[in-house]
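Please model the entire structure based on the sequences and the hints provided.
In order, the protein sequence lines correspond to chains Z and A. With the first sequence counted from 1, adding 28 to any position gets you the working numbering. With the second sequence counted from 1, adding 31 to any position gets you the working numbering.
These are computed hints drawn from the structure, not numbers from a lab. What you are looking at is a predicted structure, and each value in this text was computed from that prediction instead of being measured. Note that CB positions come from ideal geometry on N, CA and C, so glycine has one too. Incorrect hints may appear among the rest.
What the hints assert, rightly or not - Footprint (simulated), chain Z over chain A, 3 or more residues, beta carbon under 8 angstroms: (1) 61 to 69; (2) 124 to 133; (3) 420 to 433.
Claimed, not checked - Residues of chain Z clear of chain A, computed beta-carbon distances all greater than 10 angstroms: (4) 51; (5) 192; (6) 197; (7) 204; (8) 228.
Claimed, not checked - Only pairs whose alpha carbons sit at most 25 angstroms apart, straight line, appear in this in silico SDA-like list of lysine to any residue: (9) 439/A - 428/A; (10) 210/Z - 68/A; (11) 210/Z - 56/A; (12) 203/Z - 58/A; (13) 210/Z - 444/A; (14) 210/Z - 86/A; (15) 210/Z - 66/A; (16) 203/Z - 444/A; (17) 210/Z - 65/A; (18) 210/Z - 81/A; (19) 210/Z - 69/A; (20) 439/A - 135/A.
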Amino acid sequence: MAGTAETFGCAGHRTLPVHDRSGRSSCYNCIIENCQTRLYNLAGRMLGDWALAEDAVQESLLSGYRGFGQFRGDNLQAWLTRIVANTCRDMIRARRARPTVPLDPLSPGPDQQDPLPSAADLPSTLESPEEYAERRELNRAIQAALDSLAEERRLAVLLVDVQGLSYEETAQVMKCSLGTVKSRVSRGRRDLRDSLQRSGELLPSRFRHDY
Amino acid sequence: MITKAMWPFNVRHRHLSAETLSEHLEGRIHGSALARLERSLAQCDVCREDLDSLRATVALLGQLPAEVPAGSFVMAAPPPQPARPRPSPLARASTWAYAGAASVAAILLTVLATADATGLLAPGPATDSGQLATVFEESGSMADYDSAAAVSLATTEPIAAIEPVEALDDSEAMADSGPADIADGPVQSEPTAAPELASAFEDSEVLSTSAEASPAATVEPAAALEPAEAFDDSEAMTASAEASPAAAAEPAAAMEPAEAFDDSEAMTASAEAADVVRSQAPEEPEPTVEAASEGAMEEPSPTAVGQVSPAVADAADAVDPTPTEAPATPSPAYQASPTPGAAVAGPVPDLAQAPVMEAEIEAAAPTAEPAPSSGPGKQDRGTALYWRILEGIAGTLALIFLAAFAVKWRASRVNGAARS
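Quick look at the structure:
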């Protein structure tokens, strides 16, 4: 049941046929193209480190390819997201066991007051330097607040509020009940708000202005 | 029934929980609950602030810019499947299979040990097996096993029972007392044979002294060379030579059985057996002494009975049998041959004249192999040894399975922790 580029509609990449448990075949590179940005963002926000996020996504996609035969074929996005979430969790635990000095601009250390901007932080032509600086500062504050969240709450908030998944899909990814998802999301939001308020980023005059 | 919502005097307002506010943000609260919530929000500034801040937080999260990966994760080639070696069947077996196997082996061991302790496994003469079991458990070594055999041998002969049994408790003392007794006897020594004999042994010093002290060590050197190969420990040889004149008189016969022995102390035990017989000498001089010499020769290993007998017969043919000069003394009479051609056994060892002793010696057989001339006692001991080997196997298996279970269980816990 080897598919060709035509059958899968592949363009611009090599056809990499995979078969799920039900025997349905698809091109794994097509799947990667569809969801890599989403997975990369999830990993980056979970880890607070974009270089590490690349490794996490790479590793997750590799293990997804190798274990594609176990995929039941119901929700590919939830399945891959779950793999990435597990990889991130492993990496967080490994990092916690072996702490290193963060060099990432999103989570600067105490000595890094003015880190180099990452590719995502580069100023666009549409915004003024002040707006750019403000946006960068806000992004960093949000990431710092996310980092302060408990692991499960962070994942729940990221899946629901950043990735836009429904509670049901989130429950599928996190392999927990709907009630647990609700609880984790609400508490994650509350913790995040508290953290942002402490850092002074979530002042009434501030969060009401238009982006 | 008046519910809290219906109560007109709502003095204490409870702030809305983060969960309720979160649900409200997502538009999941409907109907009367929504109306109640909106009433609360209208009444309470804190709740309103809460909702606003939460809404702002969610809005901030939604406006987070999507980062674009530096490069695409598309694979240029199918990644190689990791070569995962198929685990061996032992490794694939369930953790609890090992636990079960360990339990079964432990139960088997318990059953065997219990049956053994209660004497169910070795049916036979009660005295024999009982004493054997006791002595064997205390010592555990082959030499003591043999002395235990000597004990049982002694007990089967009521006349000789009391004294030898007490004396046998300390086998070394018995061995030491041997030469003294022999020295009293009319035994001729041949000192020239001693150095030659000594050169054949590793520990020459000990042996030469023993040869000098004990007239019994009048041994033909050629005959001594053969047994020397069979012995690792020359000290044992000394002991046997000292204690058992009979063994020294016919070394070729005495040493052949020694091949069956690993532990040199066993020879000492044979000397004890000789003394057991010697104590009977006053009653029956002629046949008992013969039996003693024969017994001493055969005692080390009754499996070699067949080998010993012809050798003894040859010795009897070759040597001029000198009669015993002092039959009443406890020491059996020996006369070593001055000619180096043959070793001398004092009395003619007529095997047929000592049927009782032969049976006793056979009863003292320490080997587990079913010898052709095996008696009932021998079978018992063989069976007992067989059961003990089984117990050992069961115990070892229990330990191995327990260790395997522990390793598997630990590994499964580590894997489980990593997975979760």
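Within 8 angstroms of chain Z (C-beta), three or more residues of the region 61 to 69 of chain A = violated (count 0)
Consistency of the no-contact label for residue 197/Z, given chain A and a CB cut of 10 angstroms = holds, 14 angstroms
Take the C-alpha atoms of residue 210/Z and residue 86/A, compute the straight-line distance between them, and say whether it is at most 25 angstroms.
-> holds, 16 angstroms
For the pair supplied as a hint, residue 203/Z and residue 58/A, is the alpha-carbon distance within the 25 angstroms limit?
-> holds, 24 angstroms
Annotated coverage of the region 420 to 433 of chain A by chain Z, confirmed only when three residues or more have a Cβ within 8 angstroms = With 0 residues close enough to chain Z, the hint is violated.
Within 25 angstroms, alpha carbon to alpha carbon, are residue 210/Z and residue 56/A?
-> At roughly 12 angstroms apart (the allowed maximum being 25 angstroms), residue 56/A and residue 210/Z satisfy the hint.
Decide if the proposed pair is consistent with the structure: residue 210/Z and residue 444/A, CA atoms, cutoff 25 angstroms inclusive.
-> violated, 31 angstroms
Taking only the CA atoms, is the gap from residue 210/Z to residue 66/A under or equal to 25 angstroms?
-> holds, 21 angstroms
Hinted pair residue 210/Z and residue 81/A, Cα distance within 25 angstroms = holds, 17 angstroms
Are residue 439/A and residue 135/A close enough, with their CA atoms no more than 25 angstroms apart?
-> holds, 18 angstroms
Regarding the pair residue 210/Z and residue 65/A, is the alpha-carbon distance no greater than 25 angstroms?
-> holds, 18 angstroms
Holds or violated: is the Cβ of residue 204/Z farther than 10 angstroms from all Cβ atoms of chain A?
-> holds, 13 angstroms
Hint compliance for this structure: hints 1, 2, 3, 5, 13 are broken, all remaining hints hold.
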